[in-house]
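Heads up: the protein sequence lines correspond to chains A and B, in order.
Numbering-wise (numbering that gives the first Met the number 0), the first sequence opens with residue 0 and increments by one.
Numbering-wise (numbering that gives the first Met the number 0), the second sequence opens with residue 0 and increments by one.
Calculated directly from the structure, the hints in this document are not laboratory data.
Hints may contain errors.
[Claimed, not checked] To give an idea of the interface, some chain B residues facing chain A are shown, with a C-beta separation under 10 Å as derived from the structure: (1) I16; (2) P18; (3) D19; (4) Q23; (5) I25; (6) D28; (7) D33; (8) D34; (9) G36; (10) D41; (11) N44; (12) A48; (13) G54; (14) V55; (15) P63.
[To be verified] With a cut-off of at most 30 Å between alpha-carbon atoms, the simulated DSS-like pairs for lysine-lysine come out as follows: (16) A:K548 - B:K51; (17) A:K316 - B:K64; (18) B:K51 - A:K168; (19) A:K428 - A:K548; (20) A:K555 - B:K51.
All C-beta atoms, glycine included, are put in the ideal place defined by N, C-alpha and C.
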Amino acid sequence: MSKSDESIRMAPSPSRALQSDADPWADTRGMIGAPGGVINIAHEAVDRHVENGHGADQALRFLGKNGSRQVFTYSDLSEASAKFANILVSHGLEPGDAVFSLLGRGPDVYIAALGTLKAGLVFTPLFSAFGPEPIRTRMEIGNAKVLITTLQLYRRKIAKWRSEIPTLKLVLITGDVAPDDCLSLDQQMAGSSSKFTTARTGPEDPALVHFTSGTTGKPKGVVHVHNAVLYHGFSGKVALDLTPGTIFWCTADPGWVTGTSYGIIAPLVNRVTIIVDEAEFDLDRWYGIVENEQVEVWYSAPTAIRLMMRAGAEAAKPYDLSSLRFLASVGEPLNPEAVTWSEEVFGQPFHDNWWQSETGGIMIANCPGAQVKPGSMGKPMPGIQAGIMEHEGDRLRELADGEIGELALKPGWPSMMRAYLHEQARYDKCFKDGWYLSGDLTTRDQDGYFWFVGRADDLIKTSGHLVGPFEVESALLEHEAVAEAGVIGLPDETAGEIVKAYVTLNPGFTPDEDLERDIRGHTRKRLGPAVAPREVIFRNTLPKTRSGKIMRRLLKARELGLPEGDISTLETDET
Amino acid sequence: MTEEDIRAVFINELVKIAPDLDAQDIGEDERLQDDLGLDSMDILNLVAALHKAFGVSIPEPDYPKIATTRLAVSYLQEMQA
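Same shape as in the complex, but just chain A (with noise of 0.2 Å):
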């Protein structure tokens, strides 16, 4: 493979993703620094602040698991940065090149990805609850050079399988044992200087890869350049009310799309203090953390508030939460209930937002100020143009107030995605007439407010993560006994949704309690907890088209009890 193959670099003729015909985001270039026509991220969400004179301000504060709390500041996350960029450079890594994160929430996730932009490589997380196979398929895709990741989370999900991956060239293991075939981040670090020069990227130049789930295929690499920071500044300031010195606490996980945009930069760039907690969900923590911190902004998900819903309203009450000034919500769509909820108690409204790995950034959302109508993502945030759209063959038709169709956006913000890595044809369908697609069904009601009703497609949302029905039947598959799968989301009130999986077996194998943990097991080893389903069902036969495609749609409908719409195509029904 040639170096240019391996490396993300973009397509030479002008990206969809641009086609505008001014420019409305200019004002934004006076939020950043952009020294020389330089456009890099870390500069502008670190090293500029420490420029000019706000070094000693705290960047982040880090709350271990065992009750530890360690601070950086600007100017440690600079120094920090620039010996990660170090380390890829010795061992003669190149812009372009991309490196992988699989960690959890920590100073480490920062420190890399600060790192990585400042030497002009490509930065890509992925979520460490992910199991091997759902992490070897994105390292495939993504050409992964380096991998920074746990001694733990590296001997569970990645040691078997590293030596075949043929573009990795260097495993990092954060503290300072690392098996024989990786290096120690902590010695590494400890040899590298804290100067370096950062790399003269470009606005166009990639920075960072998102993986997204798609219906069919494999998973997507959202690919994403260094001129999306003006938009994560912008989004931070005007959705999220970051502003200097704000604490701040975003609850994603870094492996999201969210944990960097929102746990990452936008907050950096507007030089707020980031609250980073190291542990899972867990309700007395999380209320001592916003007492203890006084943290001001809270950005978190609908699954969190719901726990923290069930818990009831008393079990704040000892706390004080008198800091927060402004809650905000993302990931899948926040219910009424959950935003009424929050008013009692925190004495006002968790404000939800819509976006996803493709937008960059927060598209539409109630933002501070704006009166909320509960269950409403919102309306578009200032600068971006969405419409509801009807597909009429190669056309599409803008609908009007109150119908339901496919929320669509004019392309031209910068944080867009620029590619879908090594995938023209697919990056070429989420456009048309000028408009990128959302995949998710919505409607605008006559005040502006827009609605979700649900995806366009197969996609499954559940606990704020996307996931594909085509990863998971793949799983499924692999299992001796299984001989076809379905898979499918189902309401659920904690979660969103759940992942649920039909499937018809192999002569020989008899449905029963025990293939089913087997089967489920076998699948949670593979794509772990948050993508395994939590249910399988045995089925004689799967409902199919004539061309043999499993209609996962005719499972839900009939799951749920509704309209089983078209069944024109049915072929062989389920038994």
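With the hints as your guide, set chain B onto chain A.
Here is chain B on its own, set in the frame of chain A:
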């Protein structure tokens, strides 16, 4: 129920929810989420299963008290007493 009975039922419910685990390999002090890889939905499902098995309803703030097998067994024992 003896401590041993409680442990057996607890492990049985745990591997029903997370069948990727081998009942024999689960250490007394391994944390369900950090070491055994359960996620928060698994914990909710486990709490529901324990409610069914023991008739004990575990409030949200007590979830840390069932974070390992050892902790859970002693918590369930206390709740039953």
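Hint by hint, which ones does the structure fall short of?
4, 5, 6, 12, 13, 14, 16 and 18
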